[in-house]
Amino acid sequence: MHEDPSPSDETSLGYPSELLAADQSYESVTETIASVVLTKPQPRVWFFGFAIAFSLLMVFLFAVSYLLLRGVGIWGINIPVAWGFAIVNFVWWIGIGHAGTFISAILLLLFQQWRTAINRFSEAMTLFAVACAGTFPLLHLGRPWVFFWILPYPDTMGVWPQFRSPLVWDVFAVSTYFTVSLLFWFLGLLPDLATMRDRAVNRPQRLFYGILALGWRGSAVHWQRHQSAYLLLAGLAAPLVLSVHSVVSFDFAVAIVPGWHSTIFPPYFVAGAIYSGFAMVLNIVIPVRKIYKLESVLPMRYLNNMANVMLATGIMVAYGYFIEAFMAWYSGDIYDRFMMFNRAFGPYGWVFGLLMLCNVIVPQALWSKRVRRNTASLFIVALFINVGMWLERFVIVITSLHRDFSPSAWSMYYPTIWDWATLMGSIGLFLSLLFLFIRLMPMISISEVRELVAEPWKRKARA
Amino acid sequence: MAQIFSPRANTFARIGIGGAVGLVIAFTWTWNTLYWSPYATWVGVPREQPVPFSHKHHVAGLGIDCRYCHTSAENSSFAGLPPTETCMTCHSQLWTNARLLAPVRESLATNIPIRWNRVNDLPDFVYFDHGIHIHKGIGCTTCHGPVDQMPLTWKANTLYMKWCIDCHRDPERFIRRRDQVFNAKWQAPSDQQEEGLKLLRDYHVNTTGQLTNCSICHR
Numbered sequence: 001m002h003e004d005p006s007p008s009d010e011t012s013l014g015y016p017s018e019l020l021a022a023d024q025s026y027e028s029v030t031e032t033i034a035s036v037v038l039t040k041p042q043p044r045v046w047f048f049g050f051a052i053a054f055s056l057l058m059v060f061l062f063a064v065s066y067l068l069l070r071g072v073g074i075w076g077i078n079i080p081v082a083w084g085f086a087i088v089n090f091v092w093w094i095g096i097g098h099a100g101t102f103i104s105a106i107l108l109l110l111f112q113q114w115r116t117a118i119n120r121f122s123e124a125m126t127l128f129a130v131a132c133a134g135t136f137p138l139l140h141l142g143r144p145w146v147f148f149w150i151l152p153y154p155d156t157m158g159v160w161p162q163f164r165s166p167l168v169w170d171v172f173a174v175s176t177y178f179t180v181s182l183l184f185w186f187l188g189l190l191p192d193l194a195t196m197r198d199r200a201v202n203r204p205q206r207l208f209y210g211i212l213a214l215g216w217r218g219s220a221v222h223w224q225r226h227q228s229a230y231l232l233l234a235g236l237a238a239p240l241v242l243s244v245h246s247v248v249s250f251d252f253a254v255a256i257v258p259g260w261h262s263t264i265f266p267p268y269f270v271a272g273a274i275y276s277g278f279a280m281v282l283n284i285v286i287p288v289r290k291i292y293k294l295e296s297v298l299p300m301r302y303l304n305n306m307a308n309v310m311l312a313t314g315i316m317v318a319y320g321y322f323i324e325a326f327m328a329w330y331s332g333d334i335y336d337r338f339m340m341f342n343r344a345f346g347p348y349g350w351v352f353g354l355l356m357l358c359n360v361i362v363p364q365a366l367w368s369k370r371v372r373r374n375t376a377s378l379f380i381v382a383l384f385i386n387v388g389m390w391l392e393r394f395v396i397v398i399t400s401l402h403r404d405f406s407p408s409a410w411s412m413y414y415p416t417i418w419d420w421a422t423l424m425g426s427i428g429l430f431l432s433l434l435f436l437f438i439r440l441m442p443m444i445s446i447s448e449v450r451e452l453v454a455e456p457w458k459r460k461a462r463a
Numbered sequence: 001m002a003q004i005f006s007p008r009a010n011t012f013a014r015i016g017i018g019g020a021v022g023l024v025i026a027f028t029w030t031w032n033t034l035y036w037s038p039y040a041t042w043v044g045v046p047r048e049q050p051v052p053f054s055h056k057h058h059v060a061g062l063g064i065d066c067r068y069c070h071t072s073a074e075n076s077s078f079a080g081l082p083p084t085e086t087c088m089t090c091h092s093q094l095w096t097n098a099r100l101l102a103p104v105r106e107s108l109a110t111n112i113p114i115r116w117n118r119v120n121d122l123p124d125f126v127y128f129d130h131g132i133h134i135h136k137g138i139g140c141t142t143c144h145g146p147v148d149q150m151p152l153t154w155k156a157n158t159l160y161m162k163w164c165i166d167c168h169r170d171p172e173r174f175i176r177r178r179d180q181v182f183n184a185k186w187q188a189p190s191d192q193q194e195e196g197l198k199l200l201r202d203y204h205v206n207t208t209g210q211l212t213n214c215s216i217c218h219r
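Chains as they are written, first to last, in our numbering: chain A, 1 to 463; chain B, 1 to 219.
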């Protein structure tokens, strides 16, 4: 532990020493957050944004309906590239869905108080991202309506899921993650839902929040149970941050395709997931903070901390890229060496170049405090990272598959309009849910921010 | 401020949660039960036919061999349904004026085959060869049930994949000597297990797991 001797507002490692402006009171915190939902008219930007998001959602609906009608042949997939955009998008979304639990559970267990302002938001984001992610493997099935065949149940076929396959582990990992994230999110919301109920200005609002609040009265017994349940769930959720994306990486690493068959995949995927998760949180929090004027509860220093996490995980991801290339060379295996060469200089070499730009070069700007503390530049860097992480999954899935062991089986993969429509549409699904969330729920934890007001010593961050 | 909810709301909430769980369980149970019931499988349900043909009469009563009518049972992928001419080998002499047999006579006269309703019909995505089962010692009654006791024919088994694969996993439980295949009265002997394993060897049935390979049936 390090006490900051200087009068400045941050410790020597760049962490904020005071997390909340000193003039905040219970009432000001509650009013700032709750009024967005209950009393203030929604800003024009909300309607505009929701209209765009909802239109994209309709594109998704259309693309998926046509897919169900015609089958996966409308996509660009072929043999050898049987895993196209669907798997790229799945891994991308599930990665984005990692920030929520990381922020909520791991940072909670590490007593990082700065998480309070963003945990609710990132948990919601996690849920919506996992919902988007979950659709892709199902759509990719070819016959999505029999998706339940992958679950162990007494079926009429007398077969059992292949438990040696990571694809089956995936089902359990992702559904567990979704369930725990949902419970965690809802449990955290409970006291705030009660606040919303009590501040509601009309009967429909009172009923809506009243039912969801499950009769919360804020008694000491309630709080005591709430806190132990919350910590227990955090303890349960923390390993999931590491396990879910590890299992996703097994989908690749367990296969023998050069470019997939690598032991570095689990840690490298987890780092990448947190990397993209934080980038997505920033991409959403920065505009929301501006539009709803939440600077008082979401100070710049929090964004700075997120930028630090991105920088750290970004370096881990870059190390992953380096080790992949190094191992390809060091193994002496001609297929691995060719894979790496083809990845960088083959027909998809330009994607690899873009990936390096987005994920390795641009994020180095975060070393500069000026970049970290400027919302515009931070937003742009985060955008680069989100694109970069999508490109990373494209590189892993498509360039590895399109040229593997046997040159006679090589082929190119060209995404069709339907591939793009599904990707864009899933972003519409994500944003639509997010806009509804902003409209209906307190997007920052009122009770936890009030806790910081009540217990000012907690505002002192640990360096 | 007045209370939003009355004390009864707690009960409603509990009923709602319990009901939701109960509904899921009830739905799953109903679906599963329906799926295994004759409503979906047609097991044990006598099928209407254009002519009420009785296997019981022809097999148990008259002792006609299966292959007299189902001529391709042994050597073809399809056991075969008899053409009208097969019926007429006897019925041009017997019961020539029976009202019951009018459709048969009409079929012969107009040269339009009788539209029998298939009782045992596998889905088209299954590759199935009837002949190999006969040759490897799987008897008629193993799959088709006591046909000699059926006044109107019914399906004796679900033909679900689970049913197929139960035998493909342990064929020694059902295999019999080739000369017993068409014996409708055959019962498994007390030493079926040893006998079955011996027959598997004698008839060169591959027991290395090939029988449960996906592509043995889904080609």
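Mixed in with the good hints, there may be bad ones.
Just some of the chain A residues that point at chain B, by a computed CB distance under 10 Å [claimed, not checked]:
| no. | residue |
| --- | --- |
| 1 | Ile150 |
| 2 | Pro152 |
| 3 | Pro154 |
| 4 | Asp155 |
| 5 | Val159 |
| 6 | Phe163 |
| 7 | Arg164 |
| 8 | Arg197 |
To give a feel for the contact side, a few chain A residues facing chain B, derived at Cβ under 7 Å [what the hints assert, rightly or not]:
| no. | residue |
| --- | --- |
| 9 | Thr156 |
| 10 | Gly210 |
| 11 | Pro407 |
| 12 | Arg439 |
Since the hints were made in silico from the structure, they are not lab data. Since the model is a prediction, treat every value here as computed from it, not as a measurement. All C-beta atoms in this analysis are idealised placements derived from N, C-alpha and C, irrespective of residue type, glycine included.
Taking the hints in turn, this is what the structure says about them:
1. Ile150: 15 Å, violated
2. Pro152: Since the shortest Cβ distance to chain B is 14 Å, the answer is violated.
3. Pro154: Holds - the Cβ of Pro154 (chain A) comes within 10 Å of chain B, reaching about 7 Å at its closest.
4. Asp155: Holds: closest Cβ of chain B sits about 7 Å from Asp155 (chain A), inside 10 Å.
5. Val159: Hint on Val159 (chain A): holds, closest Cβ of chain B at ~7 Å, below 10 Å.
6. Phe163: 16 Å, violated
7. Arg164: 15 Å, violated
8. Arg197: Hint holds; Arg197 (chain A) Cβ to chain B Cβ min 7 Å, cut 10 Å.
9. Thr156: 4 Å, holds
10. Gly210: Holds. Min distance 5 Å.
11. Pro407: Since chain B brings no Cβ nearer than about 26 Å to Pro407 (chain A), farther than 7 Å, the hint is violated.
12. Arg439: With a closest approach of 21 Å, the Arg439 (chain A) hint is violated.
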